[in-house]
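Protein chains: 2
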Amino acid sequence: MDLQKELIAMGVLAKQAARGLAKCSTTEKNQALLSMAAALEAGQERILAANARDMMQGETKGLSAALLDRLRLTPERIRGMADGLRQVAALPDPVGECLGGMRRPNGLDIQKIRVPFGVVAMIYEARPNVTVDAAGLCLKTGNAVILRGGSEAIESNKVLSDILICAAGAAGLPTGSIGLVETTDREAVNILLKMNRYIDVIIPRGGAGLIQTVVENSTVPVIETGIGICHTYVDESADLTMAADIAFNAKVSRPGVCNSMETLLVHRSVAGRLLPSLLERFYQAGVELRGCPATVACHTVVKPATEEDWATEYLDFILSIKVVDSLTEALEHIDRFSTKHSEAIVTQDYANARRFQQEVDAAAVYVNASTRFTDGFEFGFGAEIGISTQKLHARGPMGLVELTSIKYLVSGNGQIRQ
Amino acid sequence: MDLQKELIAMGVLAKQAARGLAKCSTTEKNQALLSMAAALEAGQERILAANARDMMQGETKGLSAALLDRLRLTPERIRGMADGLRQVAALPDPVGECLGGMRRPNGLDIQKIRVPFGVVAMIYEARPNVTVDAAGLCLKTGNAVILRGGSEAIESNKVLSDILICAAGAAGLPTGSIGLVETTDREAVNILLKMNRYIDVIIPRGGAGLIQTVVENSTVPVIETGIGICHTYVDESADLTMAADIAFNAKVSRPGVCNSMETLLVHRSVAGRLLPSLLERFYQAGVELRGCPATVACHTVVKPATEEDWATEYLDFILSIKVVDSLTEALEHIDRFSTKHSEAIVTQDYANARRFQQEVDAAAVYVNASTRFTDGFEFGFGAEIGISTQKLHARGPMGLVELTSIKYLVSGNGQIRQ
Numbered sequence: 054m055d056l057q058k059e060l061i062a063m064g065v066l067a068k069q070a071a072r073g074l075a076k077c078s079t080t081e082k083n084q085a086l087l088s089m090a091a092a093l094e095a096g097q098e099r100i101l102a103a104n105a106r107d108m109m110q111g112e113t114k115g116l117s118a119a120l121l122d123r124l125r126l127t128p129e130r131i132r133g134m135a136d137g138l139r140q141v142a143a144l145p146d147p148v149g150e151c152l153g154g155m156r157r158p159n160g161l162d163i164q165k166i167r168v169p170f171g172v173v174a175m176i177y178e179a180r181p182n183v184t185v186d187a188a189g190l191c192l193k194t195g196n197a198v199i200l201r202g203g204s205e206a207i208e209s210n211k212v213l214s215d216i217l218i219c220a221a222g223a224a225g226l227p228t229g230s231i232g233l234v235e236t237t238d239r240e241a242v243n244i245l246l247k248m249n250r251y252i253d254v255i256i257p258r259g260g261a262g263l264i265q266t267v268v269e270n271s272t273v274p275v276i277e278t279g280i281g282i283c284h285t286y287v288d289e290s291a292d293l294t295m296a297a298d299i300a301f302n303a304k305v306s307r308p309g310v311c312n313s314m315e316t317l318l319v320h321r322s323v324a325g326r327l328l329p330s331l332l333e334r335f336y337q338a339g340v341e342l343r344g345c346p347a348t349v350a351c352h353t354v355v356k357p358a359t360e361e362d363w364a365t366e367y368l369d370f371i372l373s374i375k376v377v378d379s380l381t382e383a384l385e386h387i388d389r390f391s392t393k394h395s396e397a398i399v400t401q402d403y404a405n406a407r408r409f410q411q412e413v414d415a416a417a418v419y420v421n422a423s424t425r426f427t428d429g430f431e432f433g434f435g436a437e438i439g440i441s442t443q444k445l446h447a448r449g450p451m452g453l454v455e456l457t458s459i460k461y462l463v464s465g466n467g468q469i470r471q
Numbered sequence: 054m055d056l057q058k059e060l061i062a063m064g065v066l067a068k069q070a071a072r073g074l075a076k077c078s079t080t081e082k083n084q085a086l087l088s089m090a091a092a093l094e095a096g097q098e099r100i101l102a103a104n105a106r107d108m109m110q111g112e113t114k115g116l117s118a119a120l121l122d123r124l125r126l127t128p129e130r131i132r133g134m135a136d137g138l139r140q141v142a143a144l145p146d147p148v149g150e151c152l153g154g155m156r157r158p159n160g161l162d163i164q165k166i167r168v169p170f171g172v173v174a175m176i177y178e179a180r181p182n183v184t185v186d187a188a189g190l191c192l193k194t195g196n197a198v199i200l201r202g203g204s205e206a207i208e209s210n211k212v213l214s215d216i217l218i219c220a221a222g223a224a225g226l227p228t229g230s231i232g233l234v235e236t237t238d239r240e241a242v243n244i245l246l247k248m249n250r251y252i253d254v255i256i257p258r259g260g261a262g263l264i265q266t267v268v269e270n271s272t273v274p275v276i277e278t279g280i281g282i283c284h285t286y287v288d289e290s291a292d293l294t295m296a297a298d299i300a301f302n303a304k305v306s307r308p309g310v311c312n313s314m315e316t317l318l319v320h321r322s323v324a325g326r327l328l329p330s331l332l333e334r335f336y337q338a339g340v341e342l343r344g345c346p347a348t349v350a351c352h353t354v355v356k357p358a359t360e361e362d363w364a365t366e367y368l369d370f371i372l373s374i375k376v377v378d379s380l381t382e383a384l385e386h387i388d389r390f391s392t393k394h395s396e397a398i399v400t401q402d403y404a405n406a407r408r409f410q411q412e413v414d415a416a417a418v419y420v421n422a423s424t425r426f427t428d429g430f431e432f433g434f435g436a437e438i439g440i441s442t443q444k445l446h447a448r449g450p451m452g453l454v455e456l457t458s459i460k461y462l463v464s465g466n467g468q469i470r471q
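Taken in sequence, the protein lines are chains R and Z. Per the working numbering, residue 54 is the first one in the first sequence, and the count goes up by one each step. Per the working numbering, residue 54 is the first one in the second sequence, and the count goes up by one each step.
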């Protein structure tokens, strides 16, 4: 009950701050971002000390090496976070942009204007850099932000947010513009998910369990992010050298991220020419291979895939492979198992390329390129708050404009409705 | 359990239909809409007979006159629904529109394209015309639609949807493009709200209770619609004749809709000149008046308002009135009680007009016009599926484009990520 009161107090403060932030000029917001960047660099020792406490706790708790790596801060990573804030400061401010308008026959002028959401809550896991990224992107777009990071990073997040809050306040941004939920009590998330009066949008970032908890329990509007069972389909007509390079890149360049490939689909007529050497290349790179019977027949290292494999986001050096008889069969497989994140075809055939891009229902649909490009920076947005896998509001990489809403300004001279 | 199976079967069929609809050309969709319009007019006798059964049931159940009026169909209303479909057919098709794109430094071409959502579920109350409107707007935008109307209109809805389904099917649209939930069991709504695998977006249309049930229980993304506690603020500098006309229109022209005014705010310095005659005019029009002490002092017919009045959407011939000392006090009142639908200021002062439009957080913010204009047709959209009062995806009147999502088409020649 005290926790609920505490969070509501944070919500009240954030809502009040959001009113002030909506009125801040771009210059004021940018100045604050630059101050925050400088403060992070100046606070390096404090940050590293706090992070060392998290790391020690993490090691004691037996966190995996991958998780510990995500948690770890270094002088270089702190500089990276500060530079991230400077880059956000350099981006154009979407708030106030006029998206169009018209004069109606009765003389009313209507303008559609970009405005901040108000209060955004970010719920995330072990990476402390999300604390800084989210605060920077939300402030730039005039939103107050409530941050709820993972318990593994709580010491780091407390110091990071303290530094950001002080710098933002000293730069003149309203009190409450940034808030960190300091308790690691899981109940806090459940409370946040019902705070419709104080929070306009919730963005979860993390693993499937976190995303599902948020989607299933939130009454506040949610932008679902990040689960990616991504496929690459190698068409009958593909340039097989290109196909091998794209598939290899999509799996191996960074298997732990949502835009990496989980399943390779290969047209039967090219399987014999493509797979033996490509499977060997994956095997040499340390990728565990699980395939359909036709794939298993191509290389001794391939284990049989189960139905579950097609539905699994490995986020690891594991790949499932299926030989299909046609583009249609590939489309059906994708339609059944895709999480609608990123899907690719490798083909030289115009009609197949066009059909694939038109029929596949996903945020990003590629022809002859690696799915790994689905990313706010690679798309040229200059920032990324996450990758939306829902169809409402935003889809695919989300930059600054995806953190805004709109309003209609209607100006008249006494119009009344008949 | 059987109900769940039945609804999931409907979802499977709708999802399948959505894949087909996404591929339909604008010409095919328009032809289907025109066939549906003709079929409604040809089926007039069947529709009127079914509606008579609903009306009889409604009278037996003792529905209010207002509700019975919403439920009633006439030859003229049927013609109106058919004409609505013809108007939607005449509108431009948003699907396939390219919203922008770029060539990245690595040679990747990225295009942002408008696509259908997939499957839209509409949950609504007594008006049978929503059945036709929603089906028309969803099909035009390439979405399959699942309709769940109020039990009062079930007989009308069954016949209407049967006529629409037959006409759409005969015109070549996929089976399952339109589905009506035929049971009046309330459990059906709860099941729909959890059908994330089959439904992309849920749009509730109706009273506060329905909207709240959907927002609180849906795991499918929702577009919240329609609750409107709308204010008109008469500034110190207002043209008082204009102010009186705008306020009268905002309340009296149609009190039962969401864009009508519920609270009038008046600057103290003009209250004495504005209120006595305006209150008399409201009184003569049958409006019950509830005011702050200063308002009560202006006219004998005004009853004292309670705190609850400021937070009530009357949707009726009732108005609350408050005298305020400043624009700031008006903004604070609005911030506290507004449902962020439509808010208006009447003023001759440039700075006050600008401040009001910038600071009020609502879908539509008016200067010197009636809030009654917040409407898809009045905004020139040519259609309206509802009025969004949330900030995610759509805000204010929603036309065809608000029924679409986007996807990114990425075209390369072998690009891989470093």
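Calculated directly from the structure, the hints in this document are not laboratory data. Don't take every hint at face value.
Any copy will do: because identical chains look the same in the list, a pair fits if it lies in one copy or spans two.
Subject to a maximum C-alpha distance of 20 angstroms in a straight line, what follows is the list of computed SDA-like cross-link-like pairs (lysine to any residue) [claimed, not checked]:
id, residue 1, residue 2
1, Lys-247, Ile-264
2, Lys-58, Pro-128
3, Lys-247, Gln-110
4, Lys-58, Glu-412
5, Lys-165, Glu-59
6, Lys-165, Leu-152
Hint-by-hint comparison with the structure:
no., hint, verdict
1, Lys-247 / Ile-264, "both (15 angstroms within a copy, 15 angstroms between copies)"
2, Lys-58 / Pro-128, "neither (37 angstroms within a copy, 57 angstroms between copies)"
3, Lys-247 / Gln-110, "neither (31 angstroms within a copy, 39 angstroms between copies)"
4, Lys-58 / Glu-412, "neither (49 angstroms within a copy, 28 angstroms between copies)"
5, Lys-165 / Glu-59, "neither (36 angstroms within a copy, 42 angstroms between copies)"
6, Lys-165 / Leu-152, "both (5 angstroms within a copy, 16 angstroms between copies)"
Violated hints, listed in ascending order, are 2, 3, 4, 5; each of the other numbered hints is respected by the structure.
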